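Those sequence lines, one after another, are chains A and B.
With this note's numbering applied, the first sequence covers 109 to 420.
With this note's numbering applied, the second sequence covers 109 to 420.
The hints are simulated quantities; they were obtained by calculation from the structure and are not laboratory data.
One should not assume that every hint holds.
The list treats identical chains as one, so a pair stands whether inside a single copy or across any two.
[Claimed, not checked] No farther apart than 30 Å at their CA atoms in a straight line, the calculated lysine-lysine pairs in the DSSO-like style are these:
(1) 414 - 178
(2) 135 - 191
(3) 208 - 323
(4) 122 - 323
(5) 257 - 118
(6) 133 - 292
(7) 414 - 257
(8) 412 - 292
(9) 178 - 342
(10) 133 - 342
(11) 342 - 122
(12) 118 - 414
(13) 414 - 120
(14) 292 - 257
(15) 135 - 414
(16) 212 - 292
(17) 323 - 120
(18) 342 - 208
(19) 342 - 118
(20) 191 - 292
(21) 120 - 342
(22) 323 - 135
(23) 292 - 122
(24) 292 - 120
(25) 414 - 292
Predicted model, so just to flag it, every value in this text is computed and none were measured.
Number of protein chains: 2
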Amino acid sequence: MLEGIYKTNKDKVKLLKDSDVIVRKNKKENKVALISGGGSGHEPAHAGYVGYGMLDAAVAGPVFTSPNPKNIFNAINEVKTDKGVLLIAKNYSGDVMNFKMAAKIARNNDIAVEIVIVNDDIAIEDPDNRRGIAGTVFVHKIAGAAAEKGMSLQEVKNIAERVVENVKTKGIALAPCYSPTTGKPSFDLGENEIEIGLGIHGEPGIEITEMMSSKEIADNLLTDLLNYFDINNKQFAIMINSLGATPLMELNILANDIDNLAHNNNLNIYNYYLNSYMTSMEMKGVSLSLLELDSELIDLLEFKTKTPFLFN
Amino acid sequence: MLEGIYKTNKDKVKLLKDSDVIVRKNKKENKVALISGGGSGHEPAHAGYVGYGMLDAAVAGPVFTSPNPKNIFNAINEVKTDKGVLLIAKNYSGDVMNFKMAAKIARNNDIAVEIVIVNDDIAIEDPDNRRGIAGTVFVHKIAGAAAEKGMSLQEVKNIAERVVENVKTKGIALAPCYSPTTGKPSFDLGENEIEIGLGIHGEPGIEITEMMSSKEIADNLLTDLLNYFDINNKQFAIMINSLGATPLMELNILANDIDNLAHNNNLNIYNYYLNSYMTSMEMKGVSLSLLELDSELIDLLEFKTKTPFLFN
Numbered sequence: 109m110l111e112g113i114y115k116t117n118k119d120k121v122k123l124l125k126d127s128d129v130i131v132r133k134n135k136k137e138n139k140v141a142l143i144s145g146g147g148s149g150h151e152p153a154h155a156g157y158v159g160y161g162m163l164d165a166a167v168a169g170p171v172f173t174s175p176n177p178k179n180i181f182n183a184i185n186e187v188k189t190d191k192g193v194l195l196i197a198k199n200y201s202g203d204v205m206n207f208k209m210a211a212k213i214a215r216n217n218d219i220a221v222e223i224v225i226v227n228d229d230i231a232i233e234d235p236d237n238r239r240g241i242a243g244t245v246f247v248h249k250i251a252g253a254a255a256e257k258g259m260s261l262q263e264v265k266n267i268a269e270r271v272v273e274n275v276k277t278k279g280i281a282l283a284p285c286y287s288p289t290t291g292k293p294s295f296d297l298g299e300n301e302i303e304i305g306l307g308i309h310g311e312p313g314i315e316i317t318e319m320m321s322s323k324e325i326a327d328n329l330l331t332d333l334l335n336y337f338d339i340n341n342k343q344f345a346i347m348i349n350s351l352g353a354t355p356l357m358e359l360n361i362l363a364n365d366i367d368n369l370a371h372n373n374n375l376n377i378y379n380y381y382l383n384s385y386m387t388s389m390e391m392k393g394v395s396l397s398l399l400e401l402d403s404e405l406i407d408l409l410e411f412k413t414k415t416p417f418l419f420n
Numbered sequence: 109m110l111e112g113i114y115k116t117n118k119d120k121v122k123l124l125k126d127s128d129v130i131v132r133k134n135k136k137e138n139k140v141a142l143i144s145g146g147g148s149g150h151e152p153a154h155a156g157y158v159g160y161g162m163l164d165a166a167v168a169g170p171v172f173t174s175p176n177p178k179n180i181f182n183a184i185n186e187v188k189t190d191k192g193v194l195l196i197a198k199n200y201s202g203d204v205m206n207f208k209m210a211a212k213i214a215r216n217n218d219i220a221v222e223i224v225i226v227n228d229d230i231a232i233e234d235p236d237n238r239r240g241i242a243g244t245v246f247v248h249k250i251a252g253a254a255a256e257k258g259m260s261l262q263e264v265k266n267i268a269e270r271v272v273e274n275v276k277t278k279g280i281a282l283a284p285c286y287s288p289t290t291g292k293p294s295f296d297l298g299e300n301e302i303e304i305g306l307g308i309h310g311e312p313g314i315e316i317t318e319m320m321s322s323k324e325i326a327d328n329l330l331t332d333l334l335n336y337f338d339i340n341n342k343q344f345a346i347m348i349n350s351l352g353a354t355p356l357m358e359l360n361i362l363a364n365d366i367d368n369l370a371h372n373n374n375l376n377i378y379n380y381y382l383n384s385y386m387t388s389m390e391m392k393g394v395s396l397s398l399l400e401l402d403s404e405l406i407d408l409l410e411f412k413t414k415t416p417f418l419f420n
């Protein structure tokens, strides 16, 4: 898969074959280097976001398995600059442990490294255990623009943490994905059932209910997400993300219901992102993310990028 | 669905609600107006390609059903300019008949209209009966750039016909899509079978075989396509298109095999497009398109567009 990403994007990226790392084709000095990664199976996350205006490197682990600290360190070593390195990890114990270990090795080698952990999934009550899901892509995009504009390591980290604070996501699934090694489904779900709040590796959700209409799904997701924001005088970016096998036709049907409901709730929408941004292989389902914006975040969100998977 | 496309892209498009037509937000005078369309279920085709540098309007029929001539004429009437209108239709009897009828009505109303029919699917031997599939998006992109640059109706038509002549596509499916009205699958296929050369509405293909590896699929598709070209001293654009439910992970695995095989065949690849460009609802499968380029086509292909679904 990584060879495929590299070979179809040779103008933008290169592949560190021994480390499963996709890096920008031309290393850019004098900017903070941004690195993300995690288990595979979430494409276009994360290698699809490597390039001008977003990530400097993406480290890929096996399917749904964290990359090891050595490979993460190899990525750091490849893209490090005098301005330092920011790691963006999703809040899973394996990812957090391995990214922190790699950061430690890097610091022992006198490389300035900071870490930001994304935990946008509101399906988990306890913020410490909240998983990082599709909202992570907003962190890549906005921190990526901040780094490209020449901000310092601390400034880019602060911006990334503001995005983490401002983004919340909730997902639903209609059908699981299947492990390529065992052929087994990532969870069991009846044909007319829907699972609410599940994770992007098939972790259990909040509840399993009977199939719902698009309108009911929109209501379930948006109503819950709105509890986390004071929407007065605020603008929001909305991401409607396919988990892999849900086509654009269905995303747009859902988008209509979300937009109607958003207007009924006086939610001020700055713009929409509707596509497959962070998938779970061929899982059927969607996630909805809300990102609270301010003028600086809007400016960074609008920064034009050049990456294998376009996010503009 | 059309409401969803409109509401999530209000900066780029508007919706003619009574005619199921998506048009550019700001009508552009003094350019050839480009219109495409067809049955729904192929998203992002065609409404996702309306905007600066591509289509001026897309007419949507019901799922897998041609739009009626009245709606096509309404689209023509909305976006027509003094430089004329070019219709791009896929080679299905319903589409061809209805687009021609709409053209006739338009001519009776003193509107200059030309039609180009796309027939890139090599699964059908007889060129007259060849279906239009994913290669159609290259026609939108290149003719769209030609129109945006101010070329005349005849020039844009000539360019579009050159793309039609230069693009060939072949697809395979692993699982059908399901009719939203009947709930029935678009065709029957065993769990370990693969159908070669089928159409984007589930029309029968050339053969049904046992499941193949990614490498075997790459070989089957590319070898057949290469029969249609003299590749010496030529450059090609390659499109690897998901039919809806095949995720980017699998497309990239296939891309690696296609690229290896292309190099073994001394195929000179200018660039790749890898995504869901023309789907068949939630069908599992892919299509591979080869487009022979020349310097003018490359120039037009590189033209930056602003459409709901990014194609840059």
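Hints, one by one, checked against the model:
1. Taking identical chains as interchangeable, the C-alpha atoms of residue 414 and residue 178 lie at most 30 Å apart only when both belong to the same chain, with a minimum of 28 Å there against 41 Å between chains.
2. Only within a single protomer do residue 135 and residue 191 lie at most 30 Å apart by alpha-carbon distance; the minimum there is 13 Å, versus 47 Å between protomers.
3. Neither within a single protomer nor between protomers do residue 208 and residue 323 lie at most 30 Å apart by alpha-carbon distance, with minima of 42 Å and 38 Å respectively.
4. Proximity of residue 122 and residue 323 under a CA criterion of 30 Å is satisfied inter-copy only: 22 Å between copies versus 43 Å inside one chain copy.
5. For a Cα distance limit of 30 Å, the shortest separation of residue 257 from residue 118 qualifies both inside one copy, at 24 Å, and across copies, at 29 Å.
6. Taking the closest pair of Cα atoms, residue 133 and residue 292 never come within 30 Å of each other, the shortest separation being 37 Å inside a single copy and 47 Å across copies.
7. When the C-alpha separation of residue 414 and residue 257 is checked against a cutoff of 30 Å, the pair qualifies both within a copy, at 14 Å, and between copies, at 23 Å.
8. With identical chains, the CA atoms of residue 412 and residue 292 are never at most 30 Å apart, being 40 Å at best within one copy and 43 Å at best between copies.
9. Taking CA atoms no more than 30 Å apart as the test, residue 178 paired with residue 342 passes in neither setting, with 42 Å inside one copy and 43 Å between copies.
10. Only between protomers do residue 133 and residue 342 lie at most 30 Å apart by alpha-carbon distance; the minimum there is 26 Å, versus 38 Å within a single protomer.
11. Taking the shortest alpha-carbon separations for residue 342 and residue 122, only the inter-copy value of 25 Å comes in at or below 30 Å, while the best intra-copy value is 40 Å.
12. Proximity of residue 118 and residue 414 under a CA criterion of 30 Å is satisfied in both settings, with 12 Å inside one chain copy and 24 Å between copies.
13. Proximity of residue 414 and residue 120 under a CA criterion of 30 Å is satisfied in both settings, with 8 Å inside one chain copy and 21 Å between copies.
14. In the homo-oligomer, the alpha carbons of residue 292 and residue 257 never lie at most 30 Å apart, since the shortest distance is 45 Å inside one protomer and 53 Å across protomers.
15. Taking identical chains as interchangeable, the C-alpha atoms of residue 135 and residue 414 lie at most 30 Å apart whether they share a chain (14 Å) or sit on different chains (28 Å).
16. With identical chains, the CA atoms of residue 212 and residue 292 are never at most 30 Å apart, being 37 Å at best within one copy and 56 Å at best between copies.
17. Proximity of residue 323 to residue 120 under the C-alpha cut-off of 30 Å is restricted to the inter-copy arrangement: shortest distance 25 Å between copies versus 40 Å within a copy.
18. Neither within a single protomer nor between protomers do residue 342 and residue 208 lie at most 30 Å apart by alpha-carbon distance, with minima of 34 Å and 49 Å respectively.
19. For the homomeric pair residue 342 and residue 118, the shortest alpha-carbon distance between copies (19 Å) is at most 30 Å, but the shortest distance inside one copy (40 Å) is not.
20. Taking CA atoms no more than 30 Å apart as the test, residue 191 paired with residue 292 passes in neither setting, with 45 Å inside one copy and 58 Å between copies.
21. Taking the shortest Cα distances, residue 120 and residue 342 sit within 30 Å of each other only across copies (23 Å), while inside one copy they are farther apart (36 Å).
22. In this assembly of identical chains, the alpha carbons of residue 323 and residue 135 never lie at most 30 Å apart, being 46 Å within a copy and 33 Å across copies at closest.
23. For the identical chains of this complex, residue 292 and residue 122 are neighbours neither inside a copy (33 Å) nor across copies (44 Å), given an alpha-carbon limit of 30 Å.
24. Taking the shortest Cα distances, residue 292 and residue 120 never come within 30 Å of each other, neither inside one copy (36 Å) nor across copies (43 Å).
25. In this assembly of identical chains, residue 414 and residue 292 lie within 30 Å of each other by CA distance neither inside one copy nor across copies; the values are 37 Å within and 41 Å between.
Violation of the numbered hints given earlier is confined to hints 3, 6, 8, 9, 14, 16, 18, 20, 22, 23, 24 and 25; the remaining hints are satisfied by the structure.
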